Amino acid sequence: MTTLVQREPKKVPTPERPWRPSFAQRLSNFGVAIAAVLLTYILVLVTPMKGLLPTLIFSGIFAIVLGYLKGFFARGTMAGRNNAVGVFLSLGMVIALIPIVSILYAVVSNGYKGLHKGLLFQDMSLAVATDPIAQGGLKHAIVGTFIMVAVALAISLPLGILTAVYLTEIKGPLSKPIRFLVQAMSGVPSIVAGLFILSAVVYTVTKSYSGLMGSLALTILMIPTIARTSEEVLLLIPNDLREAGVALGGTQWRTVAMVVVPAARSGLVTAMILGIARVAGETAPILLLTGGADMTNYNPFSGPMGTLPFYIWKSFFFGSPEAVTRGWAGLLVLLILVLLLFFLARSLSTRKASR
Amino acid sequence: MRLMPAPQALVDAPNLPKPRVITTEPRLSDKVFRAVVTAGGLSSLIILGLIAFFLAYQGFEILVKEGFGFLTSSKWEVITNEGNEIVDYSFGIAAMLVGTMICALLAVVVAIPISIASALFMSFYAPTRLKNFLVASVDLMAAFPSILFGFWGFFVLMPHAEYWAMLINRYLGWIPLFAVDDKIFTRSPFLAGLVLAIMIIPITTSIAREVFDQTPLDRIQAAYALGATKWSMIKAVAIPYGRGGVVGGAMLGLGRAMGETVAVYTVLNIVYEINWQILFGAGGNVASLILLKFGEAQPLEVKALMAAGLILFLLTLLVNFVADFIVKKTGSKGR
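Going line by line, the protein sequences match chains X and P. Count the first sequence with my numbering and you get residues 11 to 365, in order. Count the second sequence with my numbering and you get residues 21 to 355, in order.
Some hints could be false.
[Unchecked claim] With the C-beta cut set under 8 Å, the calculated list includes, among others, these residues of chain X facing chain P:
# : residue
1 : THR173
2 : ALA210
3 : ALA273
4 : GLY291
5 : LEU341
6 : ILE346
7 : LEU350
Bear in mind the hints are in silico, worked out from the structure with no lab data behind them. Predicted model only: the values in this text are computed from it and were never measured. In this text, a Cβ means the ideal position worked out from N, Cα and C, and glycines have one as well.
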């Protein structure tokens, strides 16, 4: 008879990850960066080149050269080249990030001067852009933007989701061309969308500017964003769910409406938010179509309507210091709106992914 | 226990329910559903068709009158007599087309190296946490509205860019591309190109990063196992794998840059003359022309603007088509 030998569970050492940079390596990388900056500082002190531009350029060059030398003396040519490329790529990343930081800084540092208590509760019907900052506000612009985006959403959300459902659920013979057309539609310049509504609706039917015209143009820009994001979301729904729905005797309509779409709900909300973020700051068609009123207009079907982009545009072209400050404040509000939408969409989609 | 015999009447009944016919024919509800969804799916086709139709319809008169000259001449004028009646007119967008192409190409040339470098950094160098942060920042930048880039470019970037243009002209002016006749560097195509480059960097970067992220792990490991350094691995595996996607992304960025209106309008000086000197403060842009002229245009001029819009629309469609084609073609070969 054999006895079961109870073995001690073997201790598995935590796997080493030799490719991870050790502390010493990180320190030496840091040292290279510091040395590059120091060398540049000396160079800028000694030579007549002054200013930010040469400092940045020469720091980059020195960092690449020093990185190369470090690798070269440790392991030879290949390692040197490897290090130099590593430094070069991270410099590319830094260059790509500079505009983001600069834009955020410029908007916040210029925009906060234009903030005042009445900003969100007054409109410009009694004020001119050149008045002191404390008079007038952006109520009309915010109301207009919200109404216009809401109307655009009401049209484009069904169309966008239907397109996505066609591409993922029906998979008809037209799937390929439609996928391409949606892609092409996302490349339609916003001014062309504005011109189209102008020629097709304003000149032929309504003969006047209104919020609805702006919404229609925004719809054209919104549909592709919603359709593509929804398609990606619906593709993530496992086929098992569809098969289960059909196996329970559901028709395709019931399966899609009761199983697939509810399962993808949070993703579809993300698609909606991304669509809103895409058009909230859209300027060119708004300039052509809405007339840009200075008073609050709650009716999208008649009369000109002001929006945030239009307000910003107008303020900057007034040119006086107060008007420019108003423009920056408007940009700040618009940026905050876009940031809110962005982080909302992001938190929804990451929660989905972690589940 | 005895089984009851089935009543005779039931056996002989002439109207027994027929056995169920099994069919793949969709029910009415499904037919309606499919029809509705297909109709919705066709919306993009319908909208694109309507755009082309209406712009062509409105611009027809001008296009017929000017013919091919609409694309090759740079004159944009309406001559009226004292009674404000139109005597003669001539419209041509050659300068605008050339300007659009110069700005967009410059944007792509500036943006692509930066995009590839940052995409490679995010995919292969950055630790996970840093990578998540970087991806979020780049995506955030893609969500910035264009008016923001426009006024940032005007107020923040322009003074710097003017100085850079001056430097480039002073030290590299012997290259024909950087030569200028008059030393005027304000609101040049160079500045517009830089702003556009900054606008398309997020798009091209995220496309390139997605492609590089999909590099098959076994090939990466194989390269390392053969003793490759990181750079050799990238050169031998990641770049050949991702080339198609990067080129496609560049084309998409080109399309975006050609159609951008507001950001270009704020930083570019529109002049009705073909200007090849990218540092000189005069340029053209179809989209900006439409915005510039629209406010004061009479009905006739609006028609010309519609025709210009049609050209721009067809141009961006073409670029998108080529981008799609490149991505598909290289995609099937390289993977």
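field: Numbered hints the structure breaks, given as an ascending list
entry: Hints 3, 6, 7 not satisfied by this model.
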